[in-house]
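**Q** This is what each chain is made of:
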Amino acid sequence: MTSGRLRARLIPYLTILPGGLWLVVFFVVPMVFMVSLSLQQGDIVHGFQQTWHWQTYTTSISAYKDQLLRSFKYGLISTLLQIVIAYPIAYWIAFRAGARKSFYLFLLLVPFFVSFVLRTISWNFILADNGIVLGTLKDWHLLPQSFHILATGTAVVGGLTYNYLPFMILPIYVALERVDPRLIEAAYDLYATKVRAFRKVILPLSIPGIFAGVVITFVPVSSDYVNAHILGGPTSTMIGNVIQNSYLGTQDYPTASALSFVLMAILLIGIFAYARALGTEEALEVAAR
Amino acid sequence: MTSITDSRGQGLDRLESGERRAPRRRPRRRVGDALLHSYTWLVIVWLSLPVLVMIVFSFNNPHGRYNTTWVGFTTKYWSSKLFAFEDLTQALITSLVIAILSTLITTILGTMIGIALGKYRFRGQGSFNLLLFAVISAPEIVLGASLLSLFTTFNTGLGYVTILIAHVMFSLSFVAIVVRARVLTLDPSIEDAARDLGADSWTTFWRVTFPMIVPGILSGALLAFVLSIDDYVVTSFTSGNVTTFPLWIYGVSKLGLPPQADVMGTMIFVAGLLIAGTNAIVSTRRAAR
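These protein sequences, in sequence, are chains A and B. Quick note on numbering: the first sequence equals residues 285 to 573 in my numbering. Quick note on numbering: the second sequence equals residues 37 to 325 in my numbering.
Keep in mind that the hints were calculated from the coordinates and are not lab data. Take every hint as true, because none was put in to throw you off.
Reference excerpt, derived from the structure (chain A facing chain B, CB under 10 Å, subset only):
{"id": "1", "residue": "T299"}
{"id": "2", "residue": "F310"}
{"id": "3", "residue": "V313"}
{"id": "4", "residue": "M315"}
{"id": "5", "residue": "V319"}
{"id": "6", "residue": "S322"}
{"id": "7", "residue": "I369"}
{"id": "8", "residue": "A381"}
{"id": "9", "residue": "P395"}
{"id": "10", "residue": "F400"}
{"id": "11", "residue": "A412"}
{"id": "12", "residue": "L449"}
{"id": "13", "residue": "I523"}
{"id": "14", "residue": "M548"}
Cross-link-like lysine to aspartate or glutamate pairs, in silico, EDC-like; alpha carbons within 20 Å at most:
{"id": "15", "chain 1": "A", "residue 1": "K484", "chain 2": "A", "residue 2": "E461"}
{"id": "16", "chain 1": "B", "residue 1": "K155", "chain 2": "B", "residue 2": "D228"}
{"id": "17", "chain 1": "A", "residue 1": "K478", "chain 2": "B", "residue 2": "D69"}
{"id": "18", "chain 1": "A", "residue 1": "K484", "chain 2": "A", "residue 2": "E469"}
{"id": "19", "chain 1": "B", "residue 1": "K112", "chain 2": "B", "residue 2": "E122"}
{"id": "20", "chain 1": "B", "residue 1": "K290", "chain 2": "A", "residue 2": "D413"}
No residue lacks a Cβ here, since even glycine has one placed at the ideal position from N, Cα and C.
In isolation and in its complexed conformation, chain B is listed as follows (with noise of 0.2 Å):
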């Protein structure tokens, strides 16, 4: 994510730069040009082919309790009939209350691994750089199934604590990642006018570093909440008894969803536009002050 607004400043010179060299061989180019264009508009539909079918579909009226066919439109499932499943709406409770606590905690201390790795040097980084690539690269299969391993070897049983653990863990790099890619950006002179102007470390810190690493905090946070309310894999293994939001739509796919499920999901995709979009904005106009 950090790419996109990364790469922004440098599209201007390449356009200029392209345009000077335009006059060339222009026909063929426009054909080629046109060409890739449709054909990535053609994949973008694609890739929100399954999007939209989710939010007309949400809108639908169907016989039986699931969605097979278009029957006729109606709004009742996006109000009096939204918490119609009991089970459901509870498995949604339960994937918010869980997201927004492992949410919290990842994103602690992940920034504090983010700000360790980005502003010192020390022996073992290496090593734990290592450390959080191997989280990220092993297949989520094995990290549910070793934990449960874990957790069978001692009894501990499982259910909201064991979700939240494995979050926390499957998160933790990916917000440690972000974070210090935002601290390796800052100048260090900035942190030393701050002391030449008398603060202590501890305030240069809160005063000084940790506002210019918000934004790297934010992205982090929304990547970890987006993380932990999406997960399936994981969860199954960890859950117990305990149902979220995917592990409920996963056991009815093979009979298609209600409609209900169609409206929770859009609910979440919008909930999540929504605050990547504020992100966005903020952290742009913050880059432009």
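Chain A extracted, bound-state conformation (with noise of 0.2 Å):
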């Protein structure tokens, strides 16, 4: 009987042994060797040994300031336009849709059952120099032949605001999905008018759908290089192009595992205040869609 329940007790144990393991072997054991490789010197000839050498934070975080502050103010801009683009869709498919709600989402999540990099370059294709757009409105002398978009901030800002928009789309359907009519009906009866109703009584209820998306989207952008290679120039490249260089291009491991790790915590720290706002089982709720 008592080997019984405690068999029984360790059944949800068992079963979570084979992932779990998985993920504390290859998430969290590397972020250990992650922080470990960020204290070490030497050179990938000679070989790195563990020095403790803190410096390397502050040396990778001086050289580095302006790509680091233009990762989080492309990653804000960025966060801030998904936020205004994607409200009034996510109110018109909650509200007005009717039942044609599923297919207007479905619509909207087509296009992101192509890759990421092929979405990516084909904008840049688009948008090239004396490409389809640009050098049409050229020839017909709309435009002086030294106007660009591509390697510019502007460029990167708008390829990741296109990349993430669904990420901040469907949070704040959720939440405007979730509110009940009776309470705006509530407030039509007690005379309010379409605007007092919807900044008294939807917007406060569907502020958590926009925090989630936030939460969604913030992280991925700030520490996103994809756009900034693809879409990007010299003058706005990201932290995430200098920590993919360091360790894939000049292999100088200790300052790239530096900068992952500062990247790191300062979006978590961020994050994690958030979600304990938020309630973690209720952000993972909404991180799951």
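Taking the hints as your guide, dock the two standalone chains into a single complex.
**A** Right, here's the structure in full:
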């Protein structure tokens, strides 16, 4: 009897064990090695030694503070743009699309069945200096020959906003979907105007959706380097480009891992503060969508 | 993805309540609605634009190897010339093999975690949820960087195995959360009924519980497949000399894509849509039954 009950109590642990071990060995442990690597000195030819060289952090942050700040700046601008673009769509689908809600959500998600890199390259192709759009406009003398969009910060922010927009639309939609229509009716019954009902009832109830959207999009947007590589130029490199180049190009592992750790620490502290305010379960729930 | 089908039921009541309210300020609302409606379509077009360009240019007949401008219509890159780039073909095969293996492993391990989290309450559950949440919210570049740190420290070499390890690691949480959401919707009294009718817990699980969570497992598997075949960032850190499809096209991104890459991208896109569509139809049918 007792051994039976013990076995029953062990079942959940045994079930999560294989997957859990995978995550510990290939997610938690590597983080430790990344931090350890950031405190080593040496080079790829002679090998690296653990020297607890904390200065790597200060030197790499000051060497790349422009890229670090630019990443958060782009992240912030792009996240704000996403909120502004996504909210009206989420609102319209949640309240006005009626029986065709799923249809519109599906249409919004369809492009994202194409590989992320392919979509970004496609933008590079569309916006090329003498490509299908700018080239035509230049031929018609509507734009000066020197005009270009690629290799600017605008192109990078545009690409980031484009690539992560659905992750903002969905959580806001979910939050608006959950708003009890009786509350809105009550507001109208109490002689609220349309604007006032929106400001006092709908908007506050959809704030958790915006929060969730920010949680989901801000991290990948600020740490992205694919958009900066494909659409940007030397003046719009982000911290991700520096990290990737230090790891795979110059193989300056200590700098690369120090910067990765700094990036993750800043982003995760921010996100966990957010998640705490929301409750982890709920944040997890929203992240799953 | 779950939210789309879950929310469908509520849509109708809301539509009715919206109609009841409608007579009061109809003209202004109609203009606002029409504006929001066209705006939604505008964004849908914006989101689809790079995909349309990709599909159109898969039928282009460029002068050189790469697509730069529209020259003329041809289907030869869909047929005889499709496999002209040997390394591109090899990259696509590599991507498919890794995605299939990763989906298999991830679906099994992730389903086990999802069931344990949905069915049982146990000590340490909160921390485990937090671990899943951390994997999802950690920047992709950091996942790649930390794995590379681990692999270089132990000098394991990089290749197919390390890519597979990475893909299972970052997809696992998503599958676990999707399955968990499905398990949580189950009515526990159904399992009780099976037990009352004399089924032992093993039979109850395989004959009653498991068939009910299959739709969740299928959505999870689809998600795992898409995450794997799409991934550039983590793969670039763990691939060594192996090239996957996203890695190959990233490599030529500054030159422009050969039409073959557009064809393959379109094929992956259509296959993904078909699988997702079938899955959605099957689960709606099941829900209706």
